[in-house]
Structures are given as C-alpha cells and as structure tokens.
Amino acid sequence: MSNAIVVKNLRKVYKRHLREPGLSGILRSIFAREYVEVEALRGVSFEISSGEFVGYIGPNGAGKTTTMKILSGILYPTGGEVEVLGYFPPERKRDFLKRISFIMGQKTQLWWDLPAMDSFILLKKIYEIPDEEFRKEVDHLAELLNVVELLNVPLRKLSLGERMKMELIAGLLHNPEVIFLDEPTIGLDFMSQEKIHEFLKVYNEEKGKTIILTSHYVRDIEKLCKRIIFIHKGQIYFDGNKDTFIERFTKNRLVVVNFKDRIPESVHRFGKVLNIEDKEVRIEVSKDQLQSVLQGIIKSAEVEGIFVEELSLEDALKEVFEGIQNEKAQ
Amino acid sequence: MKKLNKYCQVVINTIAESSEFRFNHLLSFLVIALPLIFMVLLWRKVLGENGQIGAFDLKSIITYYFLVVLFQDISYPGPFWEIIDHIRDGGLNVFLSKPISYPGYILALKLGINIPYLFQSALILVALGMVAGFSRYLILPIDLFHFLFSLLSFLLAVLCGFSLSFIFSALTFWLEEGRGVEVFLEFLISLSSGLVLPVSLYPKALKTFCNILPFRYVLNFPIELYLGVVKGRELITGLTIQILWVLLAFLVLRFIWKSGLKKYEAVGA
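Top line first, the protein sequences correspond to chains X and F. Residue 4 in our numbering is what sits at position 4 of the first sequence, and the numbering runs on without skipping anything. Residue 104 in our numbering is what sits at position 104 of the second sequence, and the numbering runs on without skipping anything.
By construction, these hints were calculated from the structure, which means they are not laboratory data. Take the hints with a grain of salt, since some may be wrong.
Claimed, not checked - No more than 20 angstroms apart at the CA atoms, straight line, and that leaves these computed lysine to aspartate or glutamate pairs for DMTMM-like:
#, chain 1, residue 1, chain 2, residue 2
1, X, 233, X, 319
2, X, 125, F, 49
3, F, 263, X, 37
4, F, 263, X, 34
5, X, 226, X, 239
6, F, 262, X, 133
7, F, 2, X, 133
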C-alpha cells in the first residue's frame, strides 16, 4: 500500500512574546519586547499508508494540533520533511487542498444564520463538485448521519451534536483522500459521540480514506483506530498497534475468578481486589506475577472459572499520563 | 468564470444572511442619515438659496452630503472585524485549508453585505428627503460623460477602500494588542476623504496634500466628479491618481497578506 503521509524529522518552533503583568510590563513590552522560542515539534517522524485510521494522541501542548496544521498546509514547518499525497503541504497547491479535509470540532466552517445546505452549496462551488456527485454525496452522508430533515434548518437552531454532523458532511462533500479530524466529539453527549463513531467507522470502511484523528476522548480512539501515535513534548513516544500500546503500558492484568463454594480469605494476597460479587472476585494482578498468582488461586480453593482480561486503552493511557506527570514532578 | 462562481456564492450567502438583519441596518443607518437634515439647515443658512462657495451652490453641496451618506458604508475604509477575529482566534485555519482566496472571500463578503444595504439606504434617504423637504435640492449629473466617469470612479473607490480596509485589518498579524494605527488613521481619513467637507473647498496646501493621499479617492473624488465640480484636466489627473492608488493598494494588500501569513501562528498549538 502506498504512503499517503510521510513525515521525517519534522520540527516546529514558535516565537512567543512575553509580557509581565501590569503597567510596567506593558511599557517594557512596547520598548523591549522579549521573545521566547517554544519548540512544539522536535523531530517527529512517521509514515501513514492510504486507508489507515490513526489516532494521534498526547497530553495538552504535546504538538498534536501543530502536526495536523503542518500536514494540512496551515503552518510552515521550521525543519524536516513532510509530504502528503506527494505534495509539500505549505505550498497550498489547489490540487492538494482539493484532496484533503481538515475538520475541526472547535471551529466552524458553516454559516451560523443559514441552513447547512447553503454552506454546502458554497463548498460545492469551492471544490468544483459536479451537480450529480454533490447531490449523491449530500444525500448519502445526510442519511448515514440521520440529518436529512435538518438540512434546511438554520444552523443556529440545531443542537451541538447536529451541528457537528453537518460539520462532518461539510468536510467530506468533496470526497477528500486524507482527512484530518481534530477533536470531532468535543462537548458532545454520549449518544452523539456514539453516532459519530459509528458514522466514521462505516465511512472509513466503505471509502477506505486515510484518517488522522486527535481527541481527548479515549473512547474515540478505542472505537476507531487500530494504530496509535502517541506524542509527548513534541516527540513520538509510541507508534504502533493499539493492542501493543496497551500491552506495553499496562503493568497489570485483570483476573476474574468464579469460586465454586466460597471465597477463600487469602484472596487479598494475590493482588488488589477490585470488587467481590457473590462468588466472583475481580483482582488486579501485576503482569510478572500472573502465572504464580493463577496457580496460587487454583490451589487456594475450588474454582469454577478463571479469566484474564487485558486492561483497556484508558487504563494504559492513565499509566502513561501518570508516568509523564511523575517525570514532571521530578 | 468557474473560478468566480464560489465568490458569487459567498455574495449570495451573505445577502441571504444579512437580510435577516435588515431591520438592524435600518436603525443604524437612520443614526447616520438624520444629521443630514442639520447639514441641509446649516448650508441653507450659510449660502441662502442662491449663494455659492467655491464651485458649489446650495444644490450641489446638499447633493454632496447626500451622496457621502449614501456611499460611505460601501467605500469608506475601516476595520474588517471578520479579518481581525479570524487572525486572533485562528478562524483563518478554516480558509487556509481550502482552495479559496481569503482576500477574495472577504471582498465577496463585503459586497454581499453592502450592495443590498446600498439600495435600502437609497430608499431611506429619498424618503427622508421627501419628508424633510430637501429632495428638491438633489441634482442629477451635469452630463452623461460625467455620469459614466463618476460611475467608474465609484467602482474604483470601492476597490480602493476595500484594499485599504484589508491592509489595516491585516496589521493584526503584527499588532497583537491595541489598534493605535487605526485611531491615528481615522483622523487622517476623515479629513482627507471629504467626509466632513468637500476637498475642493480646502485651502490650496491642504488640498494638494489630500490629492496625493489615497483617501480622497475612496469617497470625495467620485462624488465631485458626479457633481461636475471636478472636470477637464483635473478629472484626467484625478482619475489617473485614483487608478494608481487602486493598483498600489492592491499590491500592498498582496504583500501584507503574504508576509502576514508567514507570521501567522495558528492559535492553540
């Protein structure tokens, strides 16, 4: 499969000016403005094949949005190489811009006082979409997202979730090959999130587009992405399969035991007991001790069933974030 | 032609959107238009029915202020809040990742807002003129020649005013706080654009000064052309300077926009 995105040793340095609070700070900033350089990306490299759905995650300020902005041509990189669909994005060639889409959960491209359909018609002209194709695409997407009756309602009268759905349609009308999704579920309730997940999943499978998703909601990533790129302080911390990520960053496993008659008192010895319900006990056990613990449990009492569960992506992320916090504290 | 399609659609969308605020415009326009009555009273007192000042008589001076009020919305330079907000809050990102020219988009937006308002304002002004009794002072252009030239000059004025407004607003790329430049320019523009008094009535030195600056050509010049106050050689020189200013302002706009983009650091890294 060909590469849709190639990034080599990408760097981005921002220049921010400092101003101390108060009047003296204002005066000083007029006469002798001080700048600090902020290194948002320090040599990031990765490749993404056509059709991949990648979760690009990391703590606030890690450099996620900066990367997306460089990939979509909004920002000029300070150093390194970047290629999307064979183009150098910051040149913003028309043909390039027609083949990508940057959908932002926090910025709207729709007209607030007009029905979404009017915004779509403008996009049709911007991207020069033929009539027939446009109609088909709007119908198809609106049906998938269940907003057919809302197309002619002024945007300001829609709920946040409905507006986000319109935003998705707006971003996908021109059938882009590479899609940058920046926090598409921000502020949405659980049901709306679910619907957007479902939609994105179907869309990706159906059309085989390359999608990069950043989100603070673990569930977005968990549901949609096979591959994770974790970025921290402008550097890649992990790049690989989601399961590998979980495997690598969780120290513990969850052991669920169903005892036959009674729960032995020694059960607390095996690990951290999370909960006991009837004769079922859930214990968090350290990965290295898993074998011996399992043997110990079987010896301690008669067991009806025993399973080992992987911890979730959320648990893995929690571990990673905690690790990062501790790093900072030291 | 296909390329223009998208900008036409921006105009259409803006008209559709701003029609929702017709009433807001009506009210705010009345605030601008009502002082016209005082202008009429003042000049009637100053000139009497048959008086003359410079090349102006009572009719032409009243028509002058009538046209100033009518056209200042569309051609007078001022900040574009859209641009300032887009630069500050990163809304510009939406446009940068699309195959559309941002200055072209803003121009279409401006035309979409101002063209319908221009008709609405004209209606309000004529109605006001009839009620307040000054419509009898309004005059038509002296001949077809002057009318056509004033029309051309007016279109150039809109373009020039647009470029200047764009340039001032795009300074937001560099000025992260304060709008000092605009406050300073406001004074200069209101003086040299003929907003307060026709430039032809200024003392010679001041007039020469205004002839060189671009601001006369966004408001005063096309109106004085319409009234036939500017004619002959002055017409040719003025129109030439106007065209040069339109070109220069456009070039500066392009330069400012390109270097501004380089400076642009999208918000919220």
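Going through the hints against the structure:
1. The straight-line distance between the Cα atoms of residue 233 of chain X and residue 319 of chain X is roughly 17 angstroms, inside the 20 angstroms bound, and the hint therefore holds.
2. Between residue 125 of chain X and residue 49 of chain F, the direct Cα distance comes to roughly 56 angstroms. Violation of the 20 angstroms bound is thereby established for this hinted pair.
3. Taking the CA atoms of residue 263 of chain F and residue 37 of chain X, the gap is about 14 angstroms. The hint holds against a cut of 20 angstroms.
4. This hinted pair checks out: residue 263 of chain F and residue 34 of chain X have alpha carbons roughly 16 angstroms apart, not beyond 20 angstroms.
5. At roughly 11 angstroms between alpha-carbon atoms, residue 226 of chain X and residue 239 of chain X fall within 20 angstroms of each other, so this suggested pair holds.
6. Taken as a hint, the residue 262 of chain F and residue 133 of chain X pair is broken in the structure, with Cα atoms around 36 angstroms apart against an allowance of 20 angstroms.
7. Between the alpha carbons of residue 2 of chain F and residue 133 of chain X the distance comes to roughly 17 angstroms, so the proposed pair stays at or under 20 angstroms and holds.
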